[in-house]
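What follows is the residue order along each chain.
Protein chains: 2
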Amino acid sequence: MITPSIYGCIEAGGTKFILGIVTDTREVLATLRIPTEAPSITIPAALAFFREGAIRHGPYAAFGIASFGPVDVDRRSPSWGHLIETPKVHWSNIDLAGPFAKAFDCPVGFDTDVNGAALAESLWGAAVGADIATYITVGTGVGGGAMVEGRPIHGQRHPEMGHFRPARHPHDTRFDGICAFHGACLEGLASGPAIIARWGASLSDLPADHEAHDIIAHYLAQLVIAQQALLSPRRIIFGGGVMDTSGLLQRVRDQAAILAADYFGVATIDYDALIVSPALGDQVGLMGALALAQRAR
Amino acid sequence: MITPSIYGCIEAGGTKFILGIVTDTREVLATLRIPTEAPSITIPAALAFFREGAIRHGPYAAFGIASFGPVDVDRRSPSWGHLIETPKVHWSNIDLAGPFAKAFDCPVGFDTDVNGAALAESLWGAAVGADIATYITVGTGVGGGAMVEGRPIHGQRHPEMGHFRPARHPHDTRFDGICAFHGACLEGLASGPAIIARWGASLSDLPADHEAHDIIAHYLAQLVIAQQALLSPRRIIFGGGVMDTSGLLQRVRDQAAILAADYFGVATIDYDALIVSPALGDQVGLMGALALAQRAR
Numbered sequence: 020m021i022t023p024s025i026y027g028c029i030e031a032g033g034t035k036f037i038l039g040i041v042t043d044t045r046e047v048l049a050t051l052r053i054p055t056e057a058p059s060i061t062i063p064a065a066l067a068f069f070r071e072g073a074i075r076h077g078p079y080a081a082f083g084i085a086s087f088g089p090v091d092v093d094r095r096s097p098s099w100g101h102l103i104e105t106p107k108v109h110w111s112n113i114d115l116a117g118p119f120a121k122a123f124d125c126p127v128g129f130d131t132d133v134n135g136a137a138l139a140e141s142l143w144g145a146a147v148g149a150d151i152a153t154y155i156t157v158g159t160g161v162g163g164g165a166m167v168e169g170r171p172i173h174g175q176r177h178p179e180m181g182h183f184r185p186a187r188h189p190h191d192t193r194f195d196g197i198c199a200f201h202g203a204c205l206e207g208l209a210s211g212p213a214i215i216a217r218w219g220a221s222l223s224d225l226p227a228d229h230e231a232h233d234i235i236a237h238y239l240a241q242l243v244i245a246q247q248a249l250l251s252p253r254r255i256i257f258g259g260g261v262m263d264t265s266g267l268l269q270r271v272r273d274q275a276a277i278l279a280a281d282y283f284g285v286a287t288i289d290y291d292a293l294i295v296s297p298a299l300g301d302q303v304g305l306m307g308a309l310a311l312a313q314r315a316r
Numbered sequence: 020m021i022t023p024s025i026y027g028c029i030e031a032g033g034t035k036f037i038l039g040i041v042t043d044t045r046e047v048l049a050t051l052r053i054p055t056e057a058p059s060i061t062i063p064a065a066l067a068f069f070r071e072g073a074i075r076h077g078p079y080a081a082f083g084i085a086s087f088g089p090v091d092v093d094r095r096s097p098s099w100g101h102l103i104e105t106p107k108v109h110w111s112n113i114d115l116a117g118p119f120a121k122a123f124d125c126p127v128g129f130d131t132d133v134n135g136a137a138l139a140e141s142l143w144g145a146a147v148g149a150d151i152a153t154y155i156t157v158g159t160g161v162g163g164g165a166m167v168e169g170r171p172i173h174g175q176r177h178p179e180m181g182h183f184r185p186a187r188h189p190h191d192t193r194f195d196g197i198c199a200f201h202g203a204c205l206e207g208l209a210s211g212p213a214i215i216a217r218w219g220a221s222l223s224d225l226p227a228d229h230e231a232h233d234i235i236a237h238y239l240a241q242l243v244i245a246q247q248a249l250l251s252p253r254r255i256i257f258g259g260g261v262m263d264t265s266g267l268l269q270r271v272r273d274q275a276a277i278l279a280a281d282y283f284g285v286a287t288i289d290y291d292a293l294i295v296s297p298a299l300g301d302q303v304g305l306m307g308a309l310a311l312a313q314r315a316r
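The listed protein sequences derive, respectively, from chains A and B. Numbers in the working numbering are just positions in the first sequence, counted from 1, shifted up by 19. Numbers in the working numbering are just positions in the second sequence, counted from 1, shifted up by 19.
Derived Cβ-Cβ restraints for the label pairs, each shown as a range:
no.	chain 1	residue 1	chain 2	residue 2	range
1	B	Ala-298	A	Asn-112	34 to 40 Å
2	A	Asp-281	B	Arg-70	36 to 42 Å
3	B	Ile-215	A	Arg-193	32 to 38 Å
4	A	Thr-192	B	Asp-195	16 to 22 Å
5	A	Asn-112	B	Leu-51	53 to 59 Å
6	B	Pro-212	A	Ser-296	38 to 44 Å
7	A	Arg-52	B	Ile-215	57 to 63 Å
8	A	Gly-117	B	Asp-224	54 to 60 Å
9	A	Thr-50	B	Gln-269	48 to 54 Å
10	B	Ile-74	A	Pro-126	57 to 63 Å
Heads up, incomplete: computed chain A residues facing chain B, CB under 10 Å, no partners named:
no.	residue
11	Arg-187
12	Cys-198
13	Asp-281
FYI, nobody ran anything at the bench for these hints, they're computed from the structure. Glycine included, C-beta positions come from ideal geometry on N, C-alpha and C.
All chains should be built: construct the whole structure from the sequences, respecting the hints.
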C-alpha cells in the first residue's frame with residue numbers, strides 16, 4: 020500500500036492562523052485554529068502542531084503558506100517568504116516561510132491568501148475553466164488575488180485589491196475611511212471594521228433596508244467594473260465574512276450591471292455567472308495553502 | 020541568399036489605418052496611412068496596398084492586425100477577428116481579419132491595438148524584462164492592454180481600460196463626460212475630444228498653469244493606482260497624442276505617487292521608472308501588428 024503524500028498547510032490571517040495537515044486528495048487529517056499573536060508566539064505554536072503531526076502522519080512533502088500581506092513572493096529576493104511593512108503590529112519584515120522550510124527540510128510554496136484562494140478555486144472550485152479569475156475577500160480587511168492562465172499573478176509585488184480607491188457614494192461622503200495608508204480605499208470603506216466604524220454594527224446586523232447595504236455594494240461593484248476594464252476576468256469570486264450578509268452578493272451583481280451599462284461583453288455577460296461565492300466555502304484558505312504546497316514540490 | 024520573411028501589418032485605428040510591409044528584422048519596406056472610412060472602402064483599399072506589395076516583395080508569411088475595439092479575440096469563436104458593437108459608425112460586427120486571411124492565404128494574428136503595443140514594447144521597447152506590463156493610449160479614445168508573462172491577456176473579452184471609472188476631480192464635477200456608454204469613464208473624461216469638449220482646446224494648447232493639466236493627470240493617475248492594486252505591473256507605458264502634452268507624464272507620476280501614499284512596494288517603487296513613454300515611439304502600433312503576425316505564423 021502506498022501512503023499518500025501529506026502537506027503542511029497554513030492559512031495565515033491577520034486575526035487567526037488555520038493550520039492543516041492535508042493529503043494529495045484534499046483529505047484534512049488534522050487541523051487547528053490559533054489566534055494571530057506576536058510572531059514569537061504564533062510561529063512556534065504552528066511549528067509544534069506540525070511537529071506533532073509528523074510523528075503521527077509521517078514527513079511532509081511540502082508546505083504551503085497562504086498569507087495576509089503584503090508579502091514578498093519573489094523567489095529571487097533575499098526577503099522571499101517574509102511579510103513586508105504591514106499595519107499589523109509586530110509582523111513587519113517577519114520571515115514566515117523560513118521557519119517551516121528549516122524545521123521540516125522541505126519546499127515551501129508561499130503567496131498571498133487571496134492568490135492562494137484564487138488558485139484553489141481555479142483548480143477545484145468556482146473558477147475551473149476560467150482563463151482569468153479573481154478572488155476577493157471582504158472581512159477584517161479587503162484583499163484580492165488574480166489567476167491568469169493557471170498561475171497567480173505577482174508583477175511588481177502582487178495584487179493589493181483592497182487598496183483600490185473607489186469613487187465615493189453620494190450618501191457616504193462624511194466618513195473618512197479607516198485605512199492607515201489611504202483612508203478611503205476599498206478596505207478603508209468596505210471592510211468589516213469600516214462598516215462598524217460608521218454604522219455601529221456589522222452589515223448582517225443592520226436592517227435589510229438600511230442604506231449601508233447599497234453603499235457597500237456600490238463600492239464592491241466598482242471593483243468589479245475596474246477588474247472588467249483592467250483584467251477582463253471570466254469569474255469573480257467574493258468571499259470573506261462581510262459577504263455572508265444576506266443579499267449582498269446579488270446587490271453587487273445588480274450594481275455592477277448598472278455601472279457596466281451593457282458594455283463589457285455587451286449582452287453576453289451574465290452577472291450571476293460572472294460574480295459568485297467560493298465553491299470551496301470555509302476551506303478555501305486551507306485549500307489555497309494546499310495548492311501552493313503541491314506546486315512547490 | 021535567403022530572403023527574409025515579410026509580414027502584412029495593420030494598425031487599425033478609429034480615425035486611420037496604418038499599413039506596413041515589415042521584415043522579420045523590423046525593417047519597414049513600405050507603409051501607407053489611410054483614413055478610416057466605411058469598411059467597404061477602407062478594407063478594399065488596404066487589400067489593394069498589400070496586393071501591390073506582394074508583387075514587389077513576395078508573399079506574406081503572416082498578417083498581424085492590431086485593432087481598435089472592442090474586438091473578438093477568441094480563436095474558438097465564430098466571430099473571431101471581428102469588431103464587436105462599437106460606437107464607430109458602420110464598423111460593428113465587421114470581419115476585419117477574414118478578408119486578409121482569405122486574400123493572402125496565410126495566418127492572421129489579431130488583437131487590440133493596445134495589447135499589440137504592450138506586446139511590442141515587451142519584446143523590443145520599454146517593457147523588456149517586465150513580467151507584467153501595461154500599455155495605455157490617451158488620444159481620440161483611451162484604451163489599455165496588458166501583458167502577463169509574455170502574453171497579452173484576454174479573459175472574458177480583453178482589457179478595456181478606457182472604460183475604467185475614476186473618482187471625479189473636485190474642480191471637474193459639472194462636465195458629464197462624453198462616453199456614449201458611461202459618460203464619465205476615463206475615455207469620457209480624459210480623451211482628446213473630452214478635453215476639447217470642456218475647455219475648447221487640446222491640452223497641449225492650454226497654458227501650462229491651466230487646471231486642466233492637473234485634472235487630466237489626476238484621472239490618469241487613478242488608472243495607475245487601480246493597475247497597481249489589481250495587476251501589479253512592473254512597467255506602465257503611456258502613449259497617444261494627449262500624452263505628447265509637455266509635462267503631462269510627470270504630472271501623472273507625481274499624482275500617482277501621492278495617491279499610492281507609499282503603499283504599493285513602499286519605498287521601492289520609483290515612479291519615474293514605473294511610468295514611462297513608449298520606447299518604440301510612433302512605430303509602436305505597427306510593431307504591435309508585426310509581433311502579432313510573427314506569433315500567428
